[in-house]
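**Q** Here the protein sequences line up with chains A and B, keeping their order.
Residues in the first sequence are numbered from 1 upward in steps of one, following the numbering used here.
Residues in the second sequence are numbered from 1 upward in steps of one, following the numbering used here.
Hint data in this document are derived by calculation from the structure and do not stem from the laboratory.
Be aware that one or more of the hints could be misleading.
Using 20 Å as the maximum straight-line C-alpha spacing, the simulated EDC-like pairs for lysine to aspartate or glutamate come out as follows [said to hold, decoys possible]:
| no. | chain 1 | residue 1 | chain 2 | residue 2 |
| --- | --- | --- | --- | --- |
| 1 | A | Lys-334 | B | Glu-66 |
| 2 | B | Lys-334 | B | Glu-125 |
| 3 | B | Lys-334 | B | Glu-295 |
| 4 | A | Lys-274 | A | Glu-66 |
| 5 | B | Lys-25 | A | Glu-257 |
| 6 | A | Lys-334 | A | Asp-303 |
| 7 | A | Lys-25 | B | Glu-327 |
| 8 | A | Lys-274 | B | Glu-309 |
| 9 | B | Lys-274 | B | Glu-125 |
| 10 | B | Lys-334 | B | Glu-309 |
| 11 | A | Lys-274 | B | Glu-66 |
| 12 | A | Lys-99 | A | Glu-319 |
| 13 | A | Lys-99 | A | Glu-295 |
| 14 | B | Lys-274 | A | Asp-261 |
| 15 | A | Lys-99 | A | Glu-66 |
| 16 | B | Lys-99 | B | Glu-257 |
| 17 | B | Lys-274 | A | Asp-303 |
| 18 | A | Lys-334 | A | Glu-310 |
| 19 | A | Lys-274 | A | Asp-64 |
| 20 | A | Lys-274 | B | Asp-303 |
| 21 | A | Lys-274 | A | Glu-234 |
| 22 | B | Lys-274 | A | Glu-257 |
| 23 | B | Lys-99 | B | Glu-66 |
| 24 | B | Lys-99 | B | Glu-125 |
| 25 | B | Lys-274 | A | Asp-64 |
| 26 | A | Lys-334 | B | Glu-125 |
| 27 | B | Lys-334 | A | Asp-261 |
| 28 | B | Lys-99 | B | Glu-319 |
| 29 | B | Lys-334 | A | Glu-313 |
| 30 | A | Lys-274 | B | Glu-125 |
Now the in silico label distances, taken between C-beta atoms and shown as ranges [stated by the list, open to error]:
| no. | chain 1 | residue 1 | chain 2 | residue 2 | range |
| --- | --- | --- | --- | --- | --- |
| 31 | A | Gln-22 | B | Arg-304 | 31 to 37 Å |
| 32 | A | Ser-161 | B | Ala-240 | 29 to 35 Å |
| 33 | A | Ala-240 | B | Lys-25 | 48 to 54 Å |
Nothing here was measured: the structure is a model prediction, and the numbers come from that model.
Here a beta-carbon is modelled for each residue, glycine too, at the ideal position from N, C-alpha and C.
Number of protein chains: 2
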Amino acid sequence: MSRKYRPAEPPAEVVGSELDLQSCKADDFVRIVRNNNQRGLSRVLSMVENGHPLASSILHSLFDPERLCLTIGITGPPGAGKSTLTNRLISYYRRHGNKVGVIAVDPSSPFSGGALLGDRVRMQEHASDPGVFIRSMANRGHLGGLSGTTRDALEILAAASYNPVLIETMGVGQAEVEIASLADITLLVLVPGLGDDVQTMKAGIMEIGDIIVLNKADRPGIEQLELSVNASLELIPDPAARPPVIRCSAQTGEGIEELADAIGSCTASGTGRKEIALRRTALVLNSIIREKGRELARTLIIDRYGSIEEAIESILAGETTPYRIGEILSGFLKNKRENENECKRD
Amino acid sequence: MSRKYRPAEPPAEVVGSELDLQSCKADDFVRIVRNNNQRGLSRVLSMVENGHPLASSILHSLFDPERLCLTIGITGPPGAGKSTLTNRLISYYRRHGNKVGVIAVDPSSPFSGGALLGDRVRMQEHASDPGVFIRSMANRGHLGGLSGTTRDALEILAAASYNPVLIETMGVGQAEVEIASLADITLLVLVPGLGDDVQTMKAGIMEIGDIIVLNKADRPGIEQLELSVNASLELIPDPAARPPVIRCSAQTGEGIEELADAIGSCTASGTGRKEIALRRTALVLNSIIREKGRELARTLIIDRYGSIEEAIESILAGETTPYRIGEILSGFLKNKRENENECKRD
């Protein structure tokens, strides 16, 4: 018997590669995740992506605000070398005995498989390592969207004891920006020659990065890039609030130790365990408010008009407007309370 | 008496610079907007920004899905020359007799006043022209957020007969991406030397631009930029679906006519009046679903826990999880229906 499975928890034990995941209940999946059965983990992540009826129960059981799992967002323009950097960080944390999770939502990333040039070679390096779990996210299908799925995948990987979890995104779409906000620490990866205009820096740096990584530091133009980054950071009045700027070369590995140190002191100098739990909880709750709120509003409109399309028809026919529908949605809770009170009075 | 005011509508008439806007009702504000009283218009836009109780009524009265108002989003990295281009387009449409509205939500734009270098000179050019109305948006305060405010400002400017309305944004934050999606046509402005990497192009072009504007076409590097843009566009399988690429120089005015023609044929060749009304209505309704849904979900949580903060406390205390709260929100409508049925049965 593999030492990976605890005898006290039979269902997880019997769910090996030979057994049927179809017959599992929510509790079984919870155990599968906690025991880091990789095949089962993949299945649970797919269930979450596809909005499976058990997904919410599983997530409820796995959620633990006090769990320490460092989530590191890695963002920046395509071509900045995010994937190579991700690879270096995986190796670094593996050497230090950590199990590393990776969620890739960058369409240009070789991890998420979106690279049009098929640059998948680097992925192989860690594919056979059982201490590394890489998941690509592309499903925008169900209501929570890409950011809802990423939020849930993060909880699941954390529950399976992956720590840190790296989230690779590209700051282009709305979903990607939401996803970046899920991370504890965000690395903004920049390279010489790729939009190193002072103003580009201003926009990116102040909004996104906790640590600015100047990658490909062996390239010409690195001095200029660092100068303009620092010039932008000087616009942040409090020097202590300015993010550290780390030069590295993901290609050669130079500077990766310094980067890992910066990540470490970012967490250490920052907030305590309670504050992290508070922040994580608020993030997840806000994300769920967004997702379920949208579901509620749609359902109420469908209740009244039959479908969203019919509501739109009604607007086009001049019978109502989106603003009137907005008022009805706002008034709904008021009416609900009044109805309840009337119901009680009857 | 100014010919601007119609005698048949007394309240709008009396609301001049000397009169008190405080005493106006929703209908008065509707007339003020329709008559394009600029001081009143500013007031109504502020009411919308601040979530004034009358705002929703005013917007309901002003909404007209069939109104023809071309909304042109202008987006791109800071330094791409968006503001200079906006100025050129204002001049172009003014020469053709249009009243032009501008909503600036780009923090680096001189219109929105966010330019750290104080590049406000260009704004003066049109400030005294009564046929141009420029509004900067910065208020992220109320629930609808920046994109809700922009959506509403757009309706108001359209109702005041501004056509086209230019929306200047920078594709960085979540709100900015949402805002860009409100426009009928989006111009993605690129310049040589600013992130003209093939992959940056891929990301930006395919997601955002209906027309790709290569600004500062007199600069070195323009050939390379155009080559890499075209190479990226070739990834779109259907040649007819590829956005046109227009070279121009906002500084000298060269290419602006061609750009305006491209905008014109984009609208003409595209969809009919009905399709525009349908698209506009769906956009506004979706935006309201997002805004009101969030409000609904928050209210339900507050009903149950007292406040969002208390819900978070309860999660931190291990009494519930965000996922359980999500299930409660989902179950709410089901319960509501059951309660209503029980109420009827009583």
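**Q** Against the earlier hints, flag every one the structure doesn't satisfy and list their numbers going up.
**A** 1, 2, 5, 9, 10, 11, 12, 13, 14, 17, 18, 20, 21, 22, 25, 26, 27, 28, 29, 30, 32
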